[in-house]
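Number of protein chains: 2
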Amino acid sequence: MITGKNYIGFTTSAKGNDLVKNVAAHDGSSLSEDFYAATEQEIDEAVKKATHAFKVYGNMSGAKKANFLEEIAREIEMMGDTLIHRAALESGLTQGRFEGERARTTTQLRMFADLLREGSWVEAVIDTALPERTPVPRTDLRKMLTPLGPVVVFAASNFPLAFSTAGGDTASALAAGCPVIVKAHGSHLGVNDLVAGAINRAAKKTGMPDGVFSSLNGSGRKIGKALVLHQGVKAVAFTGSYAGGKALQELAHTRKEPIPVFAEMGSVNPVVLMSDKLVREGDQLATLYAGSITLGVGQFCTNPGLLLGVKSDALTDFSQRLATQLDGIESATMLNEGIAATYLNDRQKVLAHEAVELSTKEGSTYGLPTLALTTGKNFLANHQLHQEIFGPFSLLVTCDSQEELEQIIGTLDGQLTGTIMCTDKDLSANSEVVNLLHHKVGRLIFNAAPTGVEVCHAMNHGGPYPSSTDSRFTSVGTGAIKRFVRAICYQNMPEAILPEALKNVNTLTINRLVNGKITNNSIH
Amino acid sequence: MITGKNYIGFTTSAKGNDLVKNVAAHDGSSLSEDFYAATEQEIDEAVKKATHAFKVYGNMSGAKKANFLEEIAREIEMMGDTLIHRAALESGLTQGRFEGERARTTTQLRMFADLLREGSWVEAVIDTALPERTPVPRTDLRKMLTPLGPVVVFAASNFPLAFSTAGGDTASALAAGCPVIVKAHGSHLGVNDLVAGAINRAAKKTGMPDGVFSSLNGSGRKIGKALVLHQGVKAVAFTGSYAGGKALQELAHTRKEPIPVFAEMGSVNPVVLMSDKLVREGDQLATLYAGSITLGVGQFCTNPGLLLGVKSDALTDFSQRLATQLDGIESATMLNEGIAATYLNDRQKVLAHEAVELSTKEGSTYGLPTLALTTGKNFLANHQLHQEIFGPFSLLVTCDSQEELEQIIGTLDGQLTGTIMCTDKDLSANSEVVNLLHHKVGRLIFNAAPTGVEVCHAMNHGGPYPSSTDSRFTSVGTGAIKRFVRAICYQNMPEAILPEALKNVNTLTINRLVNGKITNNSIH
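Quick note, the sequences are listed as chains A and B, same order. Be aware that the first sequence starts at 28, since it is given in our numbering, and climbs by one per residue. Be aware that the second sequence starts at 28, since it is given in our numbering, and climbs by one per residue.
Hint data in this document are derived by calculation from the structure and do not stem from the laboratory. Bear in mind the structure is a predicted one, so any value in this text is a computation, not a measurement. One thing to keep in mind: the hints can contain errors.
Because identical chains share one entry, a pair is satisfied inside a single copy or across any pair of copies.
Claimed, not checked - Below 27 Å or equal to it, Euclidean Cα-Cα: the simulated DSSO-like pairs (lysine-lysine) are:
#1 LYS82 to LYS404
#2 LYS249 to LYS404
#3 LYS530 to LYS283
#4 LYS467 to LYS32
#5 LYS376 to LYS82
#6 LYS75 to LYS404
#7 LYS252 to LYS75
#8 LYS32 to LYS404
#9 LYS42 to LYS452
#10 LYS467 to LYS252
#11 LYS91 to LYS467
#12 LYS509 to LYS48
#13 LYS544 to LYS82
#14 LYS467 to LYS338
Bound conformation, chain A alone (with noise of 0.2 Å):
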């Protein structure tokens, strides 16, 4: 059911006067419902009930947490099509689109549930005394990770239920023992009360404590700021605009104590395309293309919006194949205004520039589907040519030499993705591409287009700023649990009241290092 309000733990409220509208994508129709942004007051009240929810929650078992997620992927998947429609109808995407994301939704919220429920995660590390040890004995040390405590998720525009309210944030923050405050978003704000119902009715369910979860409406500028500085509010997480993601980190940095933002802001995901494989695979990779460019109208994290060649005869070949491909693409709904604006409003600002050429046909509905040309010397002279533009858009850049290639890799600013799409033949005459690329990017592909984020233990989203604000974490895959947690040593801490996890007897029987061997055996 639709509230309308804010979620404060159990509670929902609506103590404002600030009414959020709410429209559908496709023709900015107002929806019946409106919703009530939150009072400051609000704020203070959901972070007041996380901080106190971590005193239990950061301390629960893994299996109880496991429990829980479990329950929000059923909770989420019993509400059936209320929710895609929901989805379908906020954002302007397809149906079909949302039972693929509902289903990866559900499947993280799993995966954080086995791992949890394996339990090897927290890094368990043992050092035992060592009594006679000459000149100074050493004492026994134990070292786990610990979570953080309250974690602000923003929930991002692009994948309403996958990075948003019960998104891979949120899944992952809840895993690591971190209460969880979304700060909903204004393009699904239905779909964000639904979720979050769903989230509160699994807590309940599972005896989690009450504040172990809050949803709040109202603008990034007031809500999500107030938010960040809130002293309650111990880490960040955020996908989105490289604008947004500067802005909170900075905002973060002010705090008396700093906290970790973990932003996933732009990336233009450059894709290489070598002269054999264009030979042998023009036709094909036009096909992969165009589809990937207008995957989700062009609005993925990972959209390549950056074509990289050496100039041949190939090279033409697919860049006219690929623009015929695109040309037949219908200009779809994209997720709202705001969005649709400013990609036609980017795309004009860079068909403007001299050194820039229209390869696909002219046009100004919203979300068309769009090929620009430009050389490397002309791309290499105007760093503007390099910023993403959000939407089914793609910059193809021929090159006039393999030098100059690598030169324009070298100036490349930090990105989510590359891509390299080759022949064994066009490695071995080209291993000082892959060498570069590895320095610029957090995945490096061979061979497929950079759309698809596998949600899985090998997976790493994220990479070189600004691509995000920290290289060092993934936003997805199980890996994304350790941006909400640190490590805690205890010396010389009596067996009676260690962790579980570091009790000589290793009844979770997870695998540890002791006294530098992994091992799940128990210590005698």
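Starting from the known structure of chain A, fit chain B onto it as the hints suggest.
Then chain B, alone, in the frame of chain A:
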């Protein structure tokens, strides 16, 4: 041999006109050598050499890097008493202390060499392809840690060997695969010169690239600032004051590409003295803490600067015994004139506070051991009493009640360590203290003094802000290497060019997480 010059990779360099004086700590007399401060050009050369060296060094095998680290240890040992004498002369600490500190330094280097030879620290994670999976197949994904690039290490004054030129920061950064540029500490320029020479001899002997290590003399404000702002630098490590660490962190955030700064800063390392323990062992506790407070003339990061207890006769007894013991310990030479003067000044300021009483003898000799007393109420009312006084000083706070004690712990800033002196009886009566202190510290110690930081896998030296800038990392122990690496994921990468650690055949026989299971088997 002391050159008085900067080390820019394998080249010694003295292009500037600014000379830095070097003095003996015990009397402030000038030593014979002067040292050339680095020029802007030399700074740039050092970073460029490091960037160039990184191309080779960042991809070097663990075994080769291990040889290098072990050779550094050998070169340090081969300098024999030359190094020990110089360290004692420059720092005012004893030769015995430096024999211990040298052992710690070489142990650290060899510990990282062992870590590299074993190899599992790269956290190899492999999720193999699932071509048959529906609705979409999974491609092959492999992830491991990769070094960030050139690291600037600020040498610390208080451990001229173990936290300086070849100390834990340098050892862990080099182990990670990052070239290091040391900003030498002005209090032990001769020691820095000797050790920088040793590192470069080791680098040459073991075939490391020129630029893998540099060392620059000069002030933090000038040389340090220029290094942190240099676009080629990718991370910073620092041990020192809150003001120093905070300044570096803010500087790093003004960069176009902000970089991680791991600063290990101030801490008062609270010690909770519980009543039953005081009744039973008050005398031994006084001896233990008199030793800990004055160890290294109180110039340890984990010096116990705050003692907390609930009023009782046993606490009063302990307080008097501790004061008597401290009065029996002679004032000793501090690391440099500045530190000694600041100590006396900060000590005087606190003692001038109307709420504080001096318990040890009056005096104004440098390095005078001091115990000051106040009440819980006063401590709560005056946040200035929470500040670290760097030197052999401790403030004993007598609380009116257990509630007041808990309230105080709740208001403490983040700390490197927290200590609980207790019996089992104490613990069962005061379990909340453990929980409260847990959230404030990086290391929670039971029934031992906080001084003495074991170098091992389970150590955590770091803690919630402001004890360090990022509580998610440690600066001591094998975990310190994680500050200088990030994950990179390779998707669908041809086996031939995969890094050794990620190939199907596990030639390194490291532990890897393959499809969710830890194994050192190869993939078939």
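Do the hints match the structure? See the list:
Within a single copy, LYS82 and LYS404 get their C-alpha atoms only as close as 58 Å, which misses the 27 Å cut-off; across copies the closest is 25 Å, which meets it. In this assembly of identical chains, LYS249 and LYS404 lie within 27 Å of each other by CA distance neither inside one copy nor across copies; the values are 43 Å within and 37 Å between. Within a single copy, LYS530 and LYS283 get their C-alpha atoms no closer than 36 Å, and across copies no closer than 46 Å, so neither meets the 27 Å cut-off. Proximity of LYS467 to LYS32 under the C-alpha cut-off of 27 Å is found in neither arrangement, the shortest distances being 43 Å within a copy and 35 Å between copies.
In this assembly of identical chains, the alpha carbons of LYS376 and LYS82 never lie at most 27 Å apart, being 52 Å within a copy and 37 Å across copies at closest. In this assembly of identical chains, LYS75 and LYS404 lie within 27 Å of each other by CA distance solely across copies; the values are 25 Å between and 55 Å within a copy. Taking the shortest alpha-carbon separations for LYS252 and LYS75, only the intra-copy value of 17 Å comes in at or below 27 Å, while the best inter-copy value is 40 Å. In this homomeric assembly, LYS32 and LYS404 never come within 27 Å of each other (Cα to Cα): the closest approach is 54 Å inside a single copy and 43 Å across copies.
Taking CA atoms no more than 27 Å apart as the test, LYS42 paired with LYS452 passes in neither setting, with 66 Å inside one copy and 48 Å between copies. Taking the shortest Cα distances, LYS467 and LYS252 sit within 27 Å of each other only across copies (25 Å), while inside one copy they are farther apart (31 Å). With identical chains, the CA atoms of LYS91 and LYS467 are at most 27 Å apart between copies only, with a shortest distance of 25 Å across copies and 40 Å within one. Neither within a single protomer nor between protomers do LYS509 and LYS48 lie at most 27 Å apart by alpha-carbon distance, with minima of 36 Å and 46 Å respectively.
For a Cα distance limit of 27 Å, the shortest separation of LYS544 from LYS82 qualifies neither inside one copy, at 33 Å, nor across copies, at 32 Å. For a Cα distance limit of 27 Å, the shortest separation of LYS467 from LYS338 inside one copy, 23 Å, qualifies, whereas the shortest one across copies, 59 Å, does not.
Of the hints listed earlier, those the structure fails to meet are numbers 2, 3, 4, 5, 8, 9, 12 and 13, in rising order.
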